[in-house]
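Going down the list, the sequences are from chains F and P. Per our numbering, the very first residue in the first sequence carries number 1; after that it's consecutive. Per our numbering, the very first residue in the second sequence carries number 1; after that it's consecutive.
Honestly, the hints are just simulated from the structure, not real lab data. Predicted model, so just to flag it, every value in this text is computed and none were measured. Quick reminder that beta carbons are idealized off the backbone N, C-alpha and C, glycines included. Keep in mind that a hint or two might mislead.
[As the list claims (entries may be wrong)] Across the chosen pairs, the derived CB separations fall in these ranges:
#1 F:Lys293 / P:Ser136: 12 to 20 Å
#2 P:Glu195 / F:Lys293: 50 to 58 Å
#3 F:Ile271 / P:Glu51: 29 to 37 Å
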Amino acid sequence: MIVKDFEREFEALARAYERAGGDVSKFLDKRIASVIISGDRVIGLNGVEGVVLKPSKIESGVQVDMEIGAGVVLEHPVHVCTGFLEKKGYQRVIFNITLRRNAKAIFTAHCVFPWAEEFTHDALMNVRLEEGAWMEYHDEHMHSETGSINLITRSIADVGMGAFFRNTFTLVKTRVGKLKVFMEASLKEKAIAELFTKVKATKDDDVEVRETIKLDGEGARGLAKTNAVALDRAKVSVVNEMYGNSPNTRGHVECVEIAKGDGVEVSALPILIVKNDLSELTHEASIGRVNVKQLQTLMAKGLTEEEATELIIKGILT
Amino acid sequence: MLALVDVWYESDGKAILKNINMTFEPGKVYAILGTNGAGKSTLAYVIMGLEGYRPTRGRILLDGEDITDFPVTERAKRGITLMWQEPARFTGLKLKDYLTLGGKNKVSDEEIKRALEMVGLNPHLYLERLVDEKLSGGERKRVELASVILLKPKYVVLDEPDSGIDIMSVDMIDHVVEELAEKGSCVVLITHREEIALKADHSYLLCRGIVLKEGHPGEIVSFYKASCDKCDHPNEPTERVGEELRA
């Protein structure tokens with residue numbers, strides 16, 4: 001639960017967390033596993049049966065090792081809050097997550113940096129899923145409006161035989177700043193992975209997304225998907241990468257990017273590499289202006305061009 | 001009343017619509033017949049005022065007001081709408097958001113439920129679905145019809161509402177058209193299907209961008225079946241045929 005000396009810090013973080021769409025009550029519920037990080041300290045921690053959480057201090061940050069026991073199916077999502085309440089600084093966070101055989105867990109993560117100006121957040125998540133495990137990790141970010149945050153988030157997942165991994169990253173409610181999202185998953189036999197990034201970049205935000213799935217085991221399936229909106233002078237560069245390394249593997253990469261504004265720049269690069277002639281990979285991309293037919297469909301119902309654009313963007317980022 | 005007066009539309013120097021004169025009255029149903037390439041969908045786009053479909057000549061009048069230069073949104077705000085032959089798909093947009101236009105179309109949950117039921121979609125199964133590629137062509141058409149019902153338009157052009165919908169569902173389209181007309185909407189139906197066209201109050205037959213014939217739907221459908229179905233010069237009306245028909 002909340003470490004006593006940090007109760008006031010938790011309250012400040014909680015307010016920002018709720019603005020980010022999080023539900024603070026989850027951190028006070030003993031039935032729900034949770035981790036709360038502020039700056040370079042773990043200020044709240046709650047383990048439940050079958051879940052082992054081991055925090056440790058690292059240079060400029062925190063490492064938390066999380067393990068879900070074999071066969072453990074968590075009824076409630078694990079709640080993770082990573083915050084930084086200062087204006088300047090550097091924060092490193094490492095999560096090592098292991099799900100033992102046939103375990104099932106969903107993680108709901110919120111990263112809140114409400115007042116950060118000169119700030120770098122460097123996150124690394126190592127995931128290991130044993131045979132038949134199921135894991136979803138949903139990461140939503142809420143930044144300050146300065147646009148000066150530097151964020152690097154990397155995830156490397158080893159998805160075991162017949163295991164399922166879904167990893168989503170969302171940053172659509174605030175300015176982005178500089179963002180690098182790197183997701184990578186290596187799949188064993190009959191494993192499934194879905195990587196999905198949603199970003200809205202405005203002003204001079206600069207976004208780089210790279211999603212990579214390696215279909216190493218026979219019958220593995222993967223989906224790497226990015227939806228992005230770039231407005232004003234923002235830059236968004238997306239690479240979706242899929243490797244069909246084994247027989248009967250199937251993979252799809254998909255990128256939707258809307259660009260609107262003078263000086264905006266978007267790019268999409270699908271990389272499909274097949275190393276086995278029984279592998280099947282596909283890709284789909286749509287980048288540039290808002291689709292005219294979509295716009296006119298909504299305008300023929302009475303929306304202005306701006307309102308129609310807003311609704312189309314809302315769909316893409318939801 | 002919506003009127004097209006001596007309307008011409010040209011694209012790349014080629015006349016697609018030639019000297020079109022049509023009038024549409026609220027509460028009535030009109031059928032526009034014609035073979036592929038006759039200019040039916042172009043006519044729909046010109047009425048709606050889509051980008052790139054401004055008449056080259058002529059005027060479009062709505063209750064006496066010249067709306068020829070009005071953009072799509074302005075026409076829609078005055079009660080004109082269009083259902084595309086192949087409606088657009090929207091990534092991530094939920095059906096409920098689409099039907100309510102993100103909250104801009106103030107309709108009750110009860111109205112939404114009823115509109116979906118009218119087009120044969122179960123609200124419990126569809127409201128949370130996305131208006132994207134996962135909907136079949138027929139489902140997407142039904143969603144669009146539900147959207148039209150909720151808009152309560154004064155004038156609606158339905159561009160081949162029956163295409164992509166199974167033959168058993170033609171009754172559903174009839175029912176929707178009837179209800180729209182009963183509530184005072186003018187429905188302009190672009191169709192190939194005889195049984196749908198016959199329900200109209202008045203019909204126009206288009207051939208290569210001209211109104212070849214107009215009148216009672218039974219008469220127009222009979223002519224269409226006798227002449228256009230077996231036509232050996234589709235969309236090339238001879239002067240003789242034109243003169244004969246006009247006489």
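Hints violated by the structure (numbers, ascending): Hint 2 is the one this structure does not satisfy, whereas the remaining hints hold.
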